[in-house]
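Participant: Since the structure of chain H is provided, determine the placement of chain A on it from the hints.
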Amino acid sequence: MQNYPISKSRMASLVSHPDEVKVVSRRFGQGATDIDRYLELDGYRAVQKALGMEADAIINEVKNSGLRGRGGAGFSTGMKWSFVPKQSAKPKYVLCNGDESEPGTCKDRLIFEHDPHSVIEGVMIGGLAVGARSGYIYIRGEYRYLSIIMQKAIRDAYTKGFLGKNIFGSGRDFDVYWHGGAGAYEVGEESALMESLEGKRGIPRIRPPFPAVVGLWGGPTVINNAETLASVPPIILGGAEWFAKLGPPKNGGTRLFCLSGNVAKPGVYELPMGYNLKKMIYEVGGGIPNGRQLKAVVPGGASCPCLTADEVDVNMDFDSVAKAGSMLGSGGVVVIDDAQCIVKFALRTMKFYQHESCGWCIPCREGTDWLKKTLVRFHAGGGVKKDIDNMQYLSENMLGRTFCPLGDAAAMPTIAFVKKFRKEFEDHLEGRPCPFELEGAREQMPVMAH
Amino acid sequence: MKFSEEFEKRFAEMVPHYPTKRSALVPTLLYAQDEIGFLSDEVIAELAGRLDLTELEVRNVITYYSMLTTKPRGKFNVQVCTNISCLVRGGEEIFDHCAKKLGVGHNGTTPDGLFTLEEVECIGACSWAPAAQVNYDFHENLTTEKIDEVLDQYRKKATQ
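Going line by line, the protein sequences match chains H and A. Heads up, the first sequence is in the working numbering, so the first residue is 1 and it goes up one at a time. Heads up, the second sequence is in the working numbering, so the first residue is 1001 and it goes up one at a time.
If you are wondering where the hints come from, they were derived from the structure by calculation, not from laboratory data. For clarity, every value in this text was computed on a predicted model and none was experimentally measured. Among the hints, a few may not be true.
Unchecked claim - Part of the chain H face toward chain A, derived, beta carbon under 8 Å: (1) Ser82; (2) Tyr145; (3) Glu198; (4) Phe210; (5) Gly332.
Unchecked claim - Calculated cross-link-like contacts (lysine-lysine; reagent style DSS-like; alpha-carbon spacing at most 25 Å): (6) H:Lys160 - A:Lys1009; (7) A:Lys1071 - H:Lys200; (8) A:Lys1021 - H:Lys90.
Virtual Cβ for every residue (Gly too), placed ideally from N, Cα, C.
Chain H with its partners taken away, still in its complex shape (with noise of 0.2 Å):
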């Protein structure tokens, strides 16, 4: 099984459309993976620009540019790096998550493959930032080529005598290392991610203290999503108000949305914050094919709330899709057609969540578990009345209730799913066959680690 040289049917096919504003992707297919190639499309110009500022001024530039983190969580990138102590005895890290699972999402994927450079910049902008003078890039165990392509990014820029002793001749020191994980969806979460760094089960850490303060080893560190901090070198050299500019305020610069799912043109495509879901499901991606109807769209990755048909005239920027009572998570746009059954939809959902869960904490572990064996005899038809209400509170009472996001994450795709299609739920009671499956209901594998 070693040694893969990287072949042409592993790269991920592009898309494009006029509405696009390419920012994160705008190197994308232009070879910039060589490093020669990535500096004649202004490649490391940020990070030099960068190394002439004032940690604080890197900072607000970050700050203003309204640049909150496409993990899903959406915070403030430039208010997290201000948290980073100025002092500090022990050395100070930055971690970039390229542990991509959250269902729905592959946009990093297609940041590692085209565009490395970017993101080491970006590691090297933040460290420069919150004074650290080490980072680390995570990649998912499942992205072994990416792997490849960005361990050998880093060796060019060693050997370009842009990473290590006195970078650019600044007289400063910097380390990019790669590191490499093994399959967990809980590493994705930024604690846990520490913990697999340092050789662990990934299991979340209590917070206080938080990262920036405690993080890899003892020491602060600053954690972002590759695409946040493949934001960070255009914010440098554009300035924080042309990227704040390409949003609504408080949500700048652009998204890699990655549209999936029963969509004509499924894809990955840059669009300005607050782009119309309507319109993104309608013409960007070419509306629902098979003469198909639009049931339902997961907005944000597998953890967010669905809307249903009538919802999606909404704007796709956090405070838009919260507003309408779910997340715009990691940018994971999932189209769910009126030949597809949620109820199932539901359960293959909590499938996930119950496998992935690490197990710390009770609601979690047992409240994924239960929904599981509920959803899976429901959807069979040995469903009763008395289920639906139990799933959404069993699901209400997770919510909150753990030490990492993983409970909450499973519970309110569920209680979206319970309160919007109810009816589905009804319709599977009583011993009867799921309306959605002529022959009855598949039996479901249990997808489970070993």
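Facilitator: The following block gives chain A in isolation, referenced to the frame of chain H:
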């Protein structure tokens, strides 16, 4: 316990990247598994020794990560995603088709030791669903015909 030169080079390069030795554990386990095929008792003892850990500490980590296994798998690990984006585009049909064709279920290995079949969680190929990975190779926009071709290719590769 002997690993390849490449493994040794990688290991020697990786360990100094961290302030604690054990930090190299997760990627090292995966590299070791890629060489040996699974994490045998011998591999576990060897890596525990190198990283100043007990074997139990290493096993504790192994059971957490879904890609790591202490049991041998087939030469080609066929990992079919059935998570939401793949589900609504026929991921389950692809899995069922593979199960029928290979004559094994989830986590089953064909008697010739060529294929192991796994139903897996999201592999980050949502916009190109349904998708599967065979070892580390992505195969996307699958149909039952396409997965047949993919499996045939690997079968051919094994006999070459």
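Participant: Now look at each hint and say whether the structure bears it out.
Facilitator: Tested hints:
no.: 1; hint: Ser82; in the structure: violated (25 Å)
no.: 2; hint: Tyr145; in the structure: holds (6 Å)
no.: 3; hint: Glu198; in the structure: holds (5 Å)
no.: 4; hint: Phe210; in the structure: violated (20 Å)
no.: 5; hint: Gly332; in the structure: holds (6 Å)
no.: 6; hint: H:Lys160 - A:Lys1009; in the structure: holds (22 Å)
no.: 7; hint: A:Lys1071 - H:Lys200; in the structure: holds (21 Å)
no.: 8; hint: A:Lys1021 - H:Lys90; in the structure: holds (18 Å)
Of the numbered hints listed earlier, those contradicted by the structure are 1 and 4.
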